[in-house]
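Peer 1: The whole structure should be built from the sequences, with the hints applied where relevant.
Read in order, the letters of the sequence shown correspond to residues 1 to 405 in my numbering.
Careful: at least some of the hints might be erroneous.
Okay, the calculated beta carbon distance ranges per label pair [claimed, not checked]:
1) Ser103 x Val299: 47 to 57 Å
2) Leu167 x Asp360: 29 to 39 Å
3) Gly363 x Thr208: 40 to 50 Å
4) Met53 x Val168: 35 to 45 Å
5) Leu189 x Val299: 45 to 55 Å
6) Pro300 x Arg80: 49 to 59 Å
7) Ser103 x Trp369: 26 to 36 Å
8) Pro159 x Trp369: 44 to 54 Å
Source of the hints: derived by calculation from the structure; they are not laboratory data. In this text the structure is predicted, and so the values were computed from the model without any measurement. Positions of the beta carbon are idealized from the N, C-alpha and C atoms, including for glycine.
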Amino acid sequence: MTPSITLSAAPDRLPIGALLALAMTGFICIVTETLPAGLLPLISAGLAISPSMAGQMVTAYALGSVLAVIPMTIATRGWRRRNVLLLTVVGFLLFNSITALSSHYGVILVARFFAGVAAGLAWSLLAGYARRMVAPHQQGKALALAMVGTPIALSLGVPLGTWLGGLVGWRTTFGIMSALTLVLIAWVLVKVPDYPPQAAHQRMSLRTVLTTPGVRPVLAVVISWMLAHNVLYTYIAPFVAPAGLGDRVDLVLLVFGIAALGGIWVTAKLVEPLLRKTVLVSLAAFAAVSVVFGFLSSVPEVIYIGMAVWGLSFGGAATLLQTALADAAGNGADVALSLNVVAWNSAIAGSGVVGGVLLDRWGVASFPWAMVVLVGVGFAIVWGARGHGFKSGSRAAGRPAVAGH
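Peer 2: See the structure below:
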């Protein structure tokens with residue numbers, strides 16, 4: 001099937017079914033990554049290992065994403081696009097099934113690593129795929145819809161996985177993930193249009209992409225913004241404890257997740273005409289919340305309101321940054337988006353280290369001020385990148401319809 005014929009006949013109608021298939025792919029990426037976090041006691045007991053060893057299932061997944069995404073993206077540029085998407089989904093089916101069935105810790109770690117490889121390739125593909133399905137003036141909205149699975153997974157994935165694990169066991173929970181990928185494979189085959197690979201003469205080298213004006217500023221903002229976000233998100237439990245919310249972390253994160261969904265909806269409305277201003281306002285709102293947290297983090301009501309504003313400002317971050325990056329990279333969009341995966345995951349890993357040092361040396365009271373500094377760096381970069389990276393005005397004006405596939 002080639003639904004792209006239908007899409008071109010109705011260029012102003014978003015291909016909802018196809019975009020939601022991409023959103024489902026992102027949902028599976030995130031839930032597969034975070035699932036062990038809520039199942040650590042069950043996994044450690046089931047495999048007769050320590051919780052810290054079970055936690056390395058998350059580490060192995062992240063390493064697979066970071067180490068393999070660039071070479072895998074470059075290696076598959078000559079493939080038809082739907083075949084690459086199906087490769088990633090089949091990867092989840094295979095490696096989640098191995099995780100569910102194996103009783104050998106080493107085999108499970110290898111499976112988790114390659115599940116991370118599949119995720120890295122998927123993240124480098126999804127944004128460009130969503131953009132290719134629609135006209136230039138709809139690319140931001142399409143990307144926002146394709147990314148909606150991410151905040152849903154972040155807010156509901158761990159608690160849902162924890163609940164399922166307690167109900168049916170951790171192995172069956174991973175088996176359920178495999179069943180979802182079977183559904184997704186059928187969904188992709190029926191609804192997602194196929195596209196030819198990028199022409200050889202259009203393919204840009206990694207060095208060329210990195211030196212393309214605007215690419216490095218966007219990647220720098222990815223790192224600074226994600227570091228600021230994850231320093232607090234990773235250590236949210238100790239941060240909210242002084243407010244008496246140590247046993248309400250689930251509710252705190254639910255407030256964040258619901259607000260993040262609202263942020264995606266707002267971003268879908270603003271990304272086309274006001275991408276630059278939306279990024280600046282989002283960063284400024286996050287900075288303002290950080291300052292308020294710096295003075296009033298012991299007040300429960302402030303925590304809940306701050307989490308709502310934080311979620312609203314962060315929900316559209318992936319859409320905004322990937323849109324800006326793909327616009328800046330042009331024909332090198334796929335390679336640039338693979339660099340985005342590396343930057344994003346490196347920031348997550350770095351935030352664990354930075355947050356741990358802050359927590360040990362200065363306590364949770366230092367988190368908001370570190371966030372203000374990091375967000376301030378990102379704001380300054382966006383402000384200075386008005387020529388390339390975060391241009392003023394409507395992003396559809398003068399942008400390519402397809403950023404290279």
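Peer 1: Does each hint hold? Answer for all of them.
Peer 2: To see whether the hints hold, each was checked on the structure:
At about 48 Å, the CB distance of Ser103 to Val299 agrees with the hint of 47 to 57 Å. Between Leu167 and Asp360, the C-beta spacing of about 37 Å keeps the proposed range 29 to 39 Å intact. Judged by the Cβ atoms, the range 40 to 50 Å given for Gly363 and Thr208 holds: they are separated by roughly 46 Å. Distance hint check for Met53 and Val168: the Cβ-Cβ separation is about 23 Å, which falls outside the suggested range of 35 to 45 Å.
The beta-carbon spacing between Leu189 and Val299, approximately 52 Å, falls within the hinted interval of 45 to 55 Å. A C-beta distance of roughly 53 Å is found between Pro300 and Arg80, which places it inside the suggested range of 49 to 59 Å. Remark: the range hint 26 to 36 Å for Ser103 to Trp369 is contradicted by a beta-carbon distance near 47 Å. At roughly 30 Å, the beta-carbon separation of Pro159 and Trp369 lies outside the given 44 to 54 Å, and the hint is violated.
Checked against the numbered hints given earlier, the structure breaks hints 4, 7 and 8 and satisfies all the rest.
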